[in-house]
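Number of protein chains: 2
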Amino acid sequence: MRIAIIGVGLIGGSIGLALKQQNADLRVIGIPRREETVKEAIAGGAIDCGTTDPKKGVADADIVFICTPINLIIPILKEIAPALKKGAIATDVGSSKYEIVSQADKIMPKGTYFVGGHPMAGKEKVKLKEAEATLFNQKLWILAPTSKTSKKALEKISDIVTRLHSNTVIMDPKLHDLAVAGISHMPLAVAAALVDVVAASEAGKEEMQKCAASGFRDTTRIASGDPILGVDMFTTNKKAVLAMISAFKKSLSKLERLIKEGDAEKIEKELERVKNFRNSIL
Amino acid sequence: MRIAIIGVGLIGGSIGLALKQQNADLRVIGIPRREETVKEAIAGGAIDCGTTDPKKGVADADIVFICTPINLIIPILKEIAPALKKGAIATDVGSSKYEIVSQADKIMPKGTYFVGGHPMAGKEKVKLKEAEATLFNQKLWILAPTSKTSKKALEKISDIVTRLHSNTVIMDPKLHDLAVAGISHMPLAVAAALVDVVAASEAGKEEMQKCAASGFRDTTRIASGDPILGVDMFTTNKKAVLAMISAFKKSLSKLERLIKEGDAEKIEKELERVKNFRNSIL
Chain A
13 MRIAIIGVGL
23 IGGSIGLALK
33 QQNADLRVIG
43 IPRREETVKE
53 AIAGGAIDCG
63 TTDPKKGVAD
73 ADIVFICTPI
83 NLIIPILKEI
93 APALKKGAIA
103 TDVGSSKYEI
113 VSQADKIMPK
123 GTYFVGGHPM
133 AGKEKVKLKE
143 AEATLFNQKL
153 WILAPTSKTS
163 KKALEKISDI
173 VTRLHSNTVI
183 MDPKLHDLAV
193 AGISHMPLAV
203 AAALVDVVAA
213 SEAGKEEMQK
223 CAASGFRDTT
233 RIASGDPILG
243 VDMFTTNKKA
253 VLAMISAFKK
263 SLSKLERLIK
273 EGDAEKIEKE
283 LERVKNFRNS
293 IL
Chain B
13 MRIAIIGVGL
23 IGGSIGLALK
33 QQNADLRVIG
43 IPRREETVKE
53 AIAGGAIDCG
63 TTDPKKGVAD
73 ADIVFICTPI
83 NLIIPILKEI
93 APALKKGAIA
103 TDVGSSKYEI
113 VSQADKIMPK
123 GTYFVGGHPM
133 AGKEKVKLKE
143 AEATLFNQKL
153 WILAPTSKTS
163 KKALEKISDI
173 VTRLHSNTVI
183 MDPKLHDLAV
193 AGISHMPLAV
203 AAALVDVVAA
213 SEAGKEEMQK
223 CAASGFRDTT
233 RIASGDPILG
243 VDMFTTNKKA
253 VLAMISAFKK
263 SLSKLERLIK
273 EGDAEKIEKE
283 LERVKNFRNS
293 IL
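These protein sequence lines map, in sequence, to chains A and B. Here our numbering is used: the first residue of the first sequence is 13, the next is one more, and so on. Here our numbering is used: the first residue of the second sequence is 13, the next is one more, and so on.
Hints are computed from structural coordinates only; laboratory data are not their basis. Incorrect hints may have been included.
Any copy, or any two copies together, can satisfy a pair, since identical chains are not distinguished.
Unchecked claim - Restricting the straight-line Cα-Cα distance to at most 25 Å, the calculated cross-link-like pairs of lysine-lysine (BS3-like) are:
no., residue 1, residue 2
1, K160, K97
2, K135, K250
3, K261, K250
4, K151, K262
5, K251, K261
6, K222, K122
7, K250, K278
Given the structure is predicted, the values throughout are model-derived calculations rather than measurements.
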């Protein structure tokens, strides 16, 4: 089997490393933007060979992983689509799915297939040198089929993902987008706003900086991630993110009202309920 | 020197353990609510002797640590004030300060002193068996003097706090309350609201629970703390907490506007700014 990986950074590189560790009859073709990355990825054992020409790179591939920044996924798919061989399956790793799978359904030539994917694994830094064969171990890898997605193609991608030691989860693309907006994208906006409160405060700013300890560190950790990933989340999953920000504001206002009323019993009940729910899902 | 500790749980017990490790000429008197806790604390090495009668317990004390739940601090201070010996200094460990120090200034009999304190250390569980001599190591211990606070008393408490391996910070009580509201109390409300979004969602609830990973875990960790501590924060520091919730909403709305506009460049700039600020203070 020949597998092409377009975009050889943290995710693409880690997929290559993990596949090559299988020692199976896989041949991995890397397709980065820069020639030097081809050399670096071969030297690091992430790919067997490579090219910077996507069309050339995917020509013989059975499976193509598109691991570029999310806003390039559809343009790249459009570029490679005519070059795919019959039966080839393309998949992606973008963190929002509805737009991508809807467009992909229109782009794929007859006899080729697309399966939308989203590995829930990452690091704050996204370069190839951060890649690890174990990046996906025990992590979720969501596959988001549409009504048009081939069942066989879905199974094949699910097989590969399992080989990467990920746990496959099948999810409706729209519900996926809502879910990641709720537990990942919107929380990033919230964490960024928490940091901004300190940055923007007039009274007590110095004192806040002195007092900021482990609680504040954890609550805002995701605000120190790569801003580009944040931009991707907020622009490609805009609708769901805005819906979740609205939902969050409602939840906060509910608690704010209880605090205003100063009803200790009600506040305790609410915090107890939230604590129990959190403990039940994590 | 004789030190009385009223309330022998996580904080009071840890103060006792840390003081007794000094092997200095300190005698530690424990004043818990229940007789069994006296025995438990002696057996655990947190106190030398104890009583459940606060007035009796503080009679010979040079320094009194009030480590009860925050809403009991002022009632306890009123109770023990007439029993304090001349020159005695009382201090507390409550997480908000302005109300406490203002009232304490009125309560203290002539020739006795009060210094408001707030050790920024804790655990999710607050019982005596969680106490550790090292709980305060390298943690901040804020002292919040008023214009009426004796400089000598402040120095003495600062000395003791240093012996507990804490880093003393002197802070205006009002600015203290604003600061902890900004980096601790309001973030708890935010973390609770983030959990509530998932609990309250109609579409995608199951998917959110499946997707919740390390980012969500960290961002909401403080929502699994003791609800009673949350009630204390929200009721005793109400004004500052509400002010900080308002400030937070403004910060979030700013980012929400950028997301609505969909201006990738502006979003990136904002996330970059927030990331840099966070990294500069943590």
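Alpha-carbon proximity context of K250 and K278, limit 25 Å = Classified as between; 15 Å across copies, 35 Å inside a copy.
Within, between, both or neither: K160, K97 at alpha-carbon 25 Å | For K160 and K97, the Cα distance is within 25 Å only inside one copy (19 Å; across copies 83 Å).
At most 25 Å between C-alpha atoms: does K261 with K250 qualify within a copy, between copies, both, or neither?
-> both (16 Å within a copy, 19 Å between copies)
With 25 Å as the alpha-carbon cut-off, assign the pair K251 and K261 to within, between, both or neither.
-> both (16 Å within a copy, 20 Å between copies)
Is it within, between, both, or neither for K222 and K122, if the alpha carbons may be no more than 25 Å apart?
-> Neither. Shortest intra-copy (62 Å) and inter-copy (34 Å) distances fail the 25 Å Cα cut-off.
Within, between, both or neither: K151, K262 at alpha-carbon 25 Å = neither (31 Å within a copy, 35 Å between copies)
Given a CA cutoff of 25 Å, do K135 and K250 count as a within-copy pair, a between-copy pair, both, or neither?
-> Within. Shortest intra-copy distance 22 Å satisfies the 25 Å Cα cut-off; inter-copy 38 Å does not.
The structure fails hints 4, 6 (numbered hints given earlier, in ascending order).
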